[in-house]
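Peer 1: Residue-level listing of the chains:
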Amino acid sequence: MTPPDAPSTAPRTWKKPPFIANPLLRYGLIIIAVIYLVWAFGSLPFNWARISEGVPRAARIFSGGFPPNLERYELLLTGFKESFQIAILATLLGVFLSIPFAVMAARNIAPMPIYVIGRAVIIVSRSFHPVIVAILFVAAVGFGPLAGILTLTLYSIGFVGKLLAEEIEEINWGQVEAMKAAGAGYVAILFYAVFPQILPRQVGLSMYQLDSNLRASAVVGIVGAGGIGGTLMNAFGRYDYDFAFAILLIIIAVILLSEGVSGWVRKKIW
Amino acid sequence: MLEITNLVKRYGHDEAVLKGLDLKVEGNSVVSIVGASGAGKSTMLRCINRLVEPTSGSIKLNGNELVNLKGADLRRARRKIGMVFQGFNLLDRLTVMENVLAGRLGYVNLYQAISRRYPQADIERAFVLMERVGIAHYANKRADELSGGERQRVGVVRALMQEPEVLLADEPTASLDPRTSEQIMILLQSLASELSLPVLINIHNVAQAKTYTERIVGLRHGKMIFDGLPADFNKDALDAIYGGIEAPDDAITDTPVEERSHDSA
Amino acid sequence: MVDHAQQLADRVWQRYDRKQRLIRYAVLFATLMVVVWAVRDIDIFWPWVWDAPNQISALGGRMWPPSAEGLNGIIAALIETVHIATLATFLTIFLALPVAYIAAQNTTPNRACLWLGRFILVSSRSVNTIIWALLFVAIFGPGVLAGILAIVFRSIGFIGKLMGEAIEEIDRRPVEAMEATGASKAKVVAYAIVPQVMPAFFAIVILRWDINIRESTVLGLVGAGGIGVILQGAIDTFAWPTVATILMAIIVLVLIGEAITSLLRSKVL
Numbered sequence: 022m023t024p025p026d027a028p029s030t031a032p033r034t035w036k037k038p039p040f041i042a043n044p045l046l047r048y049g050l051i052i053i054a055v056i057y058l059v060w061a062f063g064s065l066p067f068n069w070a071r072i073s074e075g076v077p078r079a080a081r082i083f084s085g086g087f088p089p090n091l092e093r094y095e096l097l098l099t100g101f102k103e104s105f106q107i108a109i110l111a112t113l114l115g116v117f118l119s120i121p122f123a124v125m126a127a128r129n130i131a132p133m134p135i136y137v138i139g140r141a142v143i144i145v146s147r148s149f150h151p152v153i154v155a156i157l158f159v160a161a162v163g164f165g166p167l168a169g170i171l172t173l174t175l176y177s178i179g180f181v182g183k184l185l186a187e188e189i190e191e192i193n194w195g196q197v198e199a200m201k202a203a204g205a206g207y208v209a210i211l212f213y214a215v216f217p218q219i220l221p222r223q224v225g226l227s228m229y230q231l232d233s234n235l236r237a238s239a240v241v242g243i244v245g246a247g248g249i250g251g252t253l254m255n256a257f258g259r260y261d262y263d264f265a266f267a268i269l270l271i272i273i274a275v276i277l278l279s280e281g282v283s284g285w286v287r288k289k290i291w
Numbered sequence: 006m007l008e009i010t011n012l013v014k015r016y017g018h019d020e021a022v023l024k025g026l027d028l029k030v031e032g033n034s035v036v037s038i039v040g041a042s043g044a045g046k047s048t049m050l051r052c053i054n055r056l057v058e059p060t061s062g063s064i065k066l067n068g069n070e071l072v073n074l075k076g077a078d079l080r081r082a083r084r085k086i087g088m089v090f091q092g093f094n095l096l097d098r099l100t101v102m103e104n105v106l107a108g109r110l111g112y113v114n115l116y117q118a119i120s121r122r123y124p125q126a127d128i129e130r131a132f133v134l135m136e137r138v139g140i141a142h143y144a145n146k147r148a149d150e151l152s153g154g155e156r157q158r159v160g161v162v163r164a165l166m167q168e169p170e171v172l173l174a175d176e177p178t179a180s181l182d183p184r185t186s187e188q189i190m191i192l193l194q195s196l197a198s199e200l201s202l203p204v205l206i207n208i209h210n211v212a213q214a215k216t217y218t219e220r221i222v223g224l225r226h227g228k229m230i231f232d233g234l235p236a237d238f239n240k241d242a243l244d245a246i247y248g249g250i251e252a253p254d255d256a257i258t259d260t261p262v263e264e265r266s267h268d269s270a
Numbered sequence: 320m321v322d323h324a325q326q327l328a329d330r331v332w333q334r335y336d337r338k339q340r341l342i343r344y345a346v347l348f349a350t351l352m353v354v355v356w357a358v359r360d361i362d363i364f365w366p367w368v369w370d371a372p373n374q375i376s377a378l379g380g381r382m383w384p385p386s387a388e389g390l391n392g393i394i395a396a397l398i399e400t401v402h403i404a405t406l407a408t409f410l411t412i413f414l415a416l417p418v419a420y421i422a423a424q425n426t427t428p429n430r431a432c433l434w435l436g437r438f439i440l441v442s443s444r445s446v447n448t449i450i451w452a453l454l455f456v457a458i459f460g461p462g463v464l465a466g467i468l469a470i471v472f473r474s475i476g477f478i479g480k481l482m483g484e485a486i487e488e489i490d491r492r493p494v495e496a497m498e499a500t501g502a503s504k505a506k507v508v509a510y511a512i513v514p515q516v517m518p519a520f521f522a523i524v525i526l527r528w529d530i531n532i533r534e535s536t537v538l539g540l541v542g543a544g545g546i547g548v549i550l551q552g553a554i555d556t557f558a559w560p561t562v563a564t565i566l567m568a569i570i571v572l573v574l575i576g577e578a579i580t581s582l583l584r585s586k587v588l
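Chains as they are written, first to last, in our numbering: chain A, 22 to 291; chain B, 6 to 270; chain C, 320 to 588.
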């Protein structure tokens, strides 16, 4: 608009250059975002009548929940004990089993078909939230801690296995070459040149996984896989809100404690 | 006796890295292989113990063809070929003794390997060799706690634990300071005669090659362009090998400090 | 060298010295005791354990082949799941940023706000999404609102904590420079803090969106909307081939989510 030889007369302006340079893309993205939000909100089924009852219900639940009631502490202790047992056994099993799967899923040491299998196992076990896995195991082996242990073992294999496989892919390859040059076999190479290199990481991951299994063991119980989650679910189901809140507070306390301990141990071992 | 005939190595469809090498090494001679980076020194050495698969050609160790070996046969052949690496390639988190005994992995069975129950003879051999190179007092130290020169001694002992019939050294001194690298060269030289073992050393440092080895092989672009005595390795040979590529580490004239006193502590 | 060997005969070597071995045995023993206690004490009917492989493969057999029936319903539920995750992540941003601001040491207005912020973050993070969902289903009834709120309440802690850490790690000097120009608090934030935490903000939100996709697949199990509702329905009616289809749909959804996040990461960051 302004002729190039007239800048001295026109007032000079400055505007912040926009985040996305192309105006079409910029406004296009904004419009898409707005349309998406409208569509998403519009398409979701909200039961407004039921929702409007929410406030009095919330008041009832919270007033029923305070003060938290610890009278049935024995039930609470049993629930927590079972959660601990599930977490410990699942962590040990999962951490041990994650090693072979990590080896299978590491591109640099696994032959092609094995690598595909290893990756597939890890992808599948990572795609499913533990609660979904728990429901399936409850359906297969029945209610109780066994389903919880199986669930969290699979969960640990997925998580630890993936990170461990990445660690194996980044090892110092020279050590493997040196063992090959000495005429060592495949398994001997694993034990001498691979495992010692991933050991520190494995110990750290195990501590982390114990902590996260303890958290998860509180929720797999909700679908019947044992532990404190079941106790919580029952309390909720029976409108026993004061007991439910007591359980909830103690779960929070235990999780904070376990996070602290696991962090401390990992720092020590590093 | 190591006999390489018409060795070719090509990665994918690129120009060949090794273009028909012939080399014969006999007795207990120490041979140095010199050449600019990318001339194919390391590839040649790794073809011998098949860490790199040769494209064609033949490599015979004491009459046995190495090129077509597979699986257990390959591993049996490898244990007769010791190798010392530029970056030492030690098992950092294991002790010196475990590193040294790892040289026996081609001989012991899996249970012995994992439980570290090596035959007493191996343990004694380990102590003897470690004493010979002056690292016996470090037996229970972790390998990554040692200095560069000490780490390379561990690497040499590990290779010798294999009771090799030939020793390959891939730039064994390139990660070391000048003084330590001389010590390692002297060590390799004297071990070759003590154990009557042929040694092939890839080396960048021409001065060291001239001082510590009996024969120099020069590579350029995957071809051998010099093979002769250190005394014959003159300015022309040097130019032919490095000409227009890069200056070698040391000028050809400066001779390293003679350090004949054996460095075993 | 050979005569050397004579004097050295009968030398022994052990992998660990005495103290190391004692420590190793102690740790091993303690772990073993815990395991023995857990195995003996846990309320498991052992014959079921030995039968578990059979039961699991039997269940797998009942699921095969997956049924394509009701695929439209499954896809609609998947879209609902994505909506829940996306809307919840979007809403969380507005709630988590102020909390991050007051929970970061260097920007918090006063100590009371700092502790309030930290309290919000800790309680949000310590309660699992599905427990939040349980609570909101009890309050607002089954449906997507409970699901969205559950994800929002869990994500506040995640985004708030990481954003708080990002704010604590900023370079102080631009802040001082802006304060030196006499800019007000809000202006300092806009000019000296926002630009510095922008990359971290995008990374954190994208990461949480990916996690929220996974989390929203289970909300339905407690009645809070999404694909979990029909999964629960199919399990309750023993429609195992449909369950298999739903499970595969979830894998596809999660993989698409991962692909989108890595695309966004490479584009935006």
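Errors might be hidden in some of the hints.
[Unchecked claim] Using 20 angstroms as the maximum straight-line C-alpha spacing, the simulated EDC-like pairs for lysine to aspartate or glutamate come out as follows:
{"id": "1", "chain 1": "A", "residue 1": "K102", "chain 2": "C", "residue 2": "D336"}
{"id": "2", "chain 1": "A", "residue 1": "K288", "chain 2": "C", "residue 2": "E577"}
{"id": "3", "chain 1": "B", "residue 1": "K215", "chain 2": "B", "residue 2": "D182"}
{"id": "4", "chain 1": "B", "residue 1": "K228", "chain 2": "B", "residue 2": "D78"}
{"id": "5", "chain 1": "B", "residue 1": "K85", "chain 2": "B", "residue 2": "D97"}
{"id": "6", "chain 1": "B", "residue 1": "K24", "chain 2": "B", "residue 2": "D182"}
{"id": "7", "chain 1": "B", "residue 1": "K146", "chain 2": "C", "residue 2": "D360"}
{"id": "8", "chain 1": "A", "residue 1": "K183", "chain 2": "C", "residue 2": "E577"}
{"id": "9", "chain 1": "B", "residue 1": "K75", "chain 2": "A", "residue 2": "E188"}
{"id": "10", "chain 1": "B", "residue 1": "K146", "chain 2": "B", "residue 2": "E70"}
{"id": "11", "chain 1": "B", "residue 1": "K85", "chain 2": "B", "residue 2": "D182"}
{"id": "12", "chain 1": "B", "residue 1": "K215", "chain 2": "B", "residue 2": "E31"}
{"id": "13", "chain 1": "B", "residue 1": "K65", "chain 2": "B", "residue 2": "E150"}
{"id": "14", "chain 1": "A", "residue 1": "K288", "chain 2": "A", "residue 2": "E198"}
{"id": "15", "chain 1": "A", "residue 1": "K183", "chain 2": "C", "residue 2": "D529"}
{"id": "16", "chain 1": "B", "residue 1": "K85", "chain 2": "A", "residue 2": "E198"}
{"id": "17", "chain 1": "A", "residue 1": "K102", "chain 2": "C", "residue 2": "D362"}
Since the hints were made in silico from the structure, they are not lab data.
Bear in mind the structure is a predicted one, so any value in this text is a computation, not a measurement.
Peer 1: Are the hints correct? Go through all of them and say.
Peer 2: Going down the list of hints, with the structure as the test:
Of the supplied pair hints, the one linking K102(A) and D336(C) is violated, its CA atoms being roughly 37 angstroms apart against a limit of 20 angstroms. In summary, the hint linking K288(A) to E577(C) is not supported, as the alpha carbons are separated by about 31 angstroms, beyond the 20 angstroms threshold. Between K215(B) and D182(B) the CA atoms are separated by roughly 18 angstroms; this keeps the pair inside 20 angstroms, and the hint holds. In summary, the hint linking K228(B) to D78(B) is not supported, as the alpha carbons are separated by about 30 angstroms, beyond the 20 angstroms threshold.
For the hint pairing K85(B) with D97(B), the CA-to-CA distance comes to about 24 angstroms; that exceeds 20 angstroms, so the pair is violated. Only pairs whose Cα atoms come within 20 angstroms are accepted, and K24(B) paired with D182(B) is rejected, the gap being roughly 33 angstroms. Among the hinted pairs, K146(B) with D360(C) is inconsistent with the structure: their alpha-carbon atoms are about 43 angstroms apart, more than 20 angstroms. With a C-alpha separation of about 15 angstroms, the suggested pair K183(A) and E577(C) falls inside the 20 angstroms cut-off, and the hint holds.
The suggested pairing of K75(B) with E188(A) is violated, with an alpha-carbon distance near 29 angstroms, which exceeds 20 angstroms. For the suggested pair K146(B) and E70(B), the alpha carbons sit about 39 angstroms apart, so the restraint of at most 20 angstroms is broken. Restraint check for K85(B) and D182(B): the C-alpha separation of about 30 angstroms exceeds 20 angstroms, so the hint is violated. Taken as a hint, the K215(B) and E31(B) pair is honoured in the structure, with Cα atoms around 19 angstroms apart against an allowance of 20 angstroms.
At most 20 angstroms may separate the alpha-carbon atoms for a hinted pair to count; K65(B) and E150(B) exceed this at roughly 38 angstroms. With a CA separation close to 32 angstroms, the supplied pair K288(A) and E198(A) exceeds the 20 angstroms bound. Straight-line distance between C-alpha atoms of K183(A) and D529(C) comes to about 17 angstroms, which keeps the hinted pair within the 20 angstroms bound. Simply put, K85(B) and E198(A) have alpha-carbon atoms about 15 angstroms apart, close enough for the 20 angstroms limit, and the pair holds.
A C-alpha spacing of about 10 angstroms is found between K102(A) and D362(C), which places the hinted pair at or below 20 angstroms, so the restraint holds.
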